[in-house]
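Enquirer: Here is how the chains run, residue by residue.
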Amino acid sequence: MSETKEIHIPLGPSPEKWDLLSKGIDPFGDQMILQMGPQHPATHGVLRLELKTDGEVVTKITPYIGYLHRCFEKVAESVTYPQVIPYTERMDYLAGMNMALSYVLAVEKLREIEVNDRVETLRVLVCELNRIASHCVAIGTFALDIGAWTPLLYLFQVREHILDLLEELSGARMLFNYIRIGGLAHDIPTGWIDKVREFCTYMDPKIPELNGLLSYNKIYIERLAHVGVMSQDVALQYGITGPNLRATGFDYDMRRDAPYSGYEKYDFQPQIGAGEQGTPGDCWDRYIVRVREMEESLKIIRQACDRMPEGDVKETIPKSLRKMPEGEVYVTTEAPRGELGIYLVSDGTDKPYRVKARSGAYCSVAAVPAISLGGLIADLVAIVASIDIVLGEVDR
Amino acid sequence: MIALEPYLDLIISVVYVVGIVLFLSLFALFATWLERKVAGHIQDRLGPMETGGWHGWLQPIADAIKLLIKEDIIPAAADKKLFKLAPYLVFIGSLAGFAVLPFAANLIGSDLNIGVYYVIAVTSLVVIGILMAGWASNNKWSMYGAMRSAAQMISYEIPVALSLLIPVMMAGTMSMVEIVDNQAGGFWNWYVFRTMPFSLIAFVIYFWASLAEVNRAPFDLPEAESELVAGYFTEYSGIRWAMFFLAEYGDMFVVSAIAATVFLGGWYAPFPFLDIIPGPIWFIGKTAFLVFVQMWLRWTLPRLRVDQLMYVCWKIFLPFSFANLLLVGLWVVLKG
Amino acid sequence: MTPEEICQKLQSAGIEVTYHDTKPDPFLLCTLQSYKQAALTLRDDPDLAFQSLMSLTGLEWPDYFEVASQLISYQKEHRVTIKVRCGKDDPSVPTLSDVWTIAEWHEREAYDLVGMTFAGHQDLRRILLPEDWEGHPLRKDYSPQERWHDISLTSEPPKTTHE
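Residue numbers (our numbering), protein chains in the order written: chain A, 4 to 399; chain B, 720 to 1055; chain C, 53 to 215.
Quick caveat, the hints were computed from the structure, so don't treat them as lab data.
Mixed in with the good hints there might be a few duds.
[Stated by the list, open to error] Some chain A residues near chain B, calculated using beta-carbon distances under 8 Å:
#	residue
1	Met35
2	Leu37
3	Ala146
4	Gln160
5	Ile191
6	Gly194
7	Glu212
8	Ser323
9	Ala381
10	Val384
On a predicted model such as this, the values are computed, not experimentally measured, just so you know.
Every residue, glycine too, gets a C-beta built ideally from N, C-alpha and C.
Chain A on its own, in the form it takes in the complex:
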């Protein structure tokens, strides 16, 4: 028979608090400390928010991160340049292509590699596909946190199509390792472009369907409008980028304003929040910006399919990356959760000297206390869902 181990669980306040209590001072006042996470259904992984609550009203929020820290920056220093790519994709595992692109562009800039048009077009194509897949999860889990189950399943069907396409392309469904330094792992399979076109046709009616089911639902709007309003000032102070920045009405999209990988060749419209149902920069704006961004991504995908030039995708892959030029480079791209900046320092060896990944979600988490004080717990859940964080990217 195994001996059962006695587990002591500390009950009640800590000794210091007991001291105060015994003197007749209530250390908590009317407020309660509430730990939301790291195991909580609405924290999208392992975020911990320490809340101070007065009834259901949140009066103080302290975010704690790091539960999913996987030492990306440390690991990157001990592996060679191409070996870093799989690790980048594990940061934001919902948008692996976009993660890898940023790093690869940084190395290419350092090494002064110019890739050909086909590589650029294919990169744009897979990144936009991945962006739609990522937004599907973002919107689906958002709806789930508001209590609507069904949209999640509908959106996962769409995502399933994309993952199938990307699986056919790279052999993996989430962690692709397809984008390589100086090119791509291999060319697309025969008939793949037609399948992407089929997907576009399949996807077209899905967004109106989503709007009918969820976006303009009265309860949904009531829950989100005027909630968690992020002003442009706050957004800039916290370095918020991507859809969250655009939701505040700030018209900036890297793909249009600082194009990389040939984005200037595509015709699309960055979506900004206008406070249609409430205040600009509220949760509903952050939601609808993502929905409309999916439509724009679809436009880019169509154009990429149409203009797909001929070429060799391995043409410019360097034979050896043993000797890298010394120097440093900072490259950002528009990932689904804000700009992903890779700051790469090389000391001339075959391993990076320092890699820093600046992630959009990291800044979004930092801004949570600034935009959700004074709301209810239910509002906080909506806000955390609306800024769309992936803890893998926050903790790296």
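With chain A fixed as given, assemble chains B and C onto it according to the hints.
Expert: Just chains B and C, lined up with the frame of chain A:
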């Protein structure tokens, strides 16, 4: 031979109670299966398909066995007595409602002359069990769930009671059997269609408010999974958790059955010539349809926030119910 | 504006800053004294208008520590990297958290992983690693501790039981 005569009433009661518990369990099993199927088809998937062959019909049995043999965990810091007692109290609250449900003219636990009043009273008992569960778990999320539940149930009791008063006024009695008898002879005699539009409004208000009474979406705040983890039954597992579940489906049945009784003609068929089909089938059919609507709503709508929930109750349902009551009262007086 | 023009603009405002034309990305190097003033000027000068801090990184070099910050001005559509260096014996630089709020978190990360301190920072705690972690992993001489509470951190090959 032992004289059974003096005990006959007792025996019948016991048989009836056992029958009801059995019925409730069977209904809950069926409802879990139906819930999954409804959810599945609404979400463009199939739901359970494997267990038992035909559309996974054995799935609820498998689930029940799983829950029975699961480890029963009681948190170290919980108030053990209350923790153990709470699920049964909740279950009793929901079971007690069955006593006055008229499955047919002569198939009723007890035809109380205050039937409607009794139902309103005993379904509130559930609140005590839920508060007990939330408090005893010694978990802040559970406590939030329990507090929300108490606030919600007490608030929504009022529109429920006011809406139920309308058929009571029209029938002039609180006895369930008599209320149903007054609706005999075709669907145009059902209270929901008489005194249009007042009774229809009363029915709609009753149905929505009853969703809040039984903590179903879009009013499932006490157990809001994404906010409060699972609310008051966060810490429960195994059979105790199953009791909460049983009670939830029991409650769903009770509130739908009351709606079917007082608004939708109880055991009577919509057309007199269909009365050859036995009453209990009509009664259960109507109830099951309302239960289906409850599920339909759950898988379609997002959840309200606490303040919005209270707003809907106190500022929309309540004034409408009062106005309704007044107008129906006037109608009854003028007519009668 | 190009980084070189930005540098001239800062110098004409009397701020001690040098332009380093490294490839591929150039940077501006401030001194410990001019760092804060440079940041404030970069943010507040209408011609520069760096509204947002994008990234802040701590680096360890053989002889000194360095903080590199990437700034962006959406209005003027330019970006720049500014740096500041400090000695190995006292790895402390002024904080930027009162210039751009997000610096608070980036600096906590630099403190956590590289072990630099930021003078004037209100809340300099570890952010990614546990409070009681020993050492700063991104230092070049870092070696991980053997145990953290009950968890062994040294990787042992799994024991094989079959013969």
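Enquirer: Next step is simple, just say for each hint if it's right about the structure.
Expert: Going through the hints against the structure:
A hinted interface residue such as Met35/A counts as satisfied when its beta carbon comes closer than 8 Å to some beta carbon of chain B; here the least separation is about 7 Å, so the hint holds. Interface restraint check for Leu37/A: the shortest CB-CB distance to chain B comes to about 5 Å, inside 8 Å, so the restraint holds. A distance limit of 8 Å between C-beta atoms decides the matter here; for Ala146/A the minimum to chain B is near 7 Å, and the interface restraint holds. Interface hint at Gln160/A: satisfied, since its Cβ lies 7 Å from the closest Cβ of chain B, which is below the 8 Å cut-off.
The closest approach between the C-beta of Ile191/A and any C-beta of chain B is roughly 30 Å, which is over the 8 Å cut-off, so the hint fails. Evaluation of the Gly194/A hint against chain B yields a violated restraint, the C-beta minimum of about 27 Å exceeding 8 Å. Residue-level restraint check for Glu212/A is violated (minimum Cβ-Cβ distance to chain B is 11 Å; threshold 8 Å). Taking 8 Å as the C-beta cut-off, the interface hint given for Ser323/A is violated, the closest approach to chain B being about 50 Å.
With a cut of 8 Å, the hint placing Ala381/A at the interface with chain B holds, because the nearest CB-to-CB distance is about 5 Å. A hinted interface residue such as Val384/A counts as satisfied when its beta carbon comes closer than 8 Å to some beta carbon of chain B; here the least separation is about 5 Å, so the hint holds.
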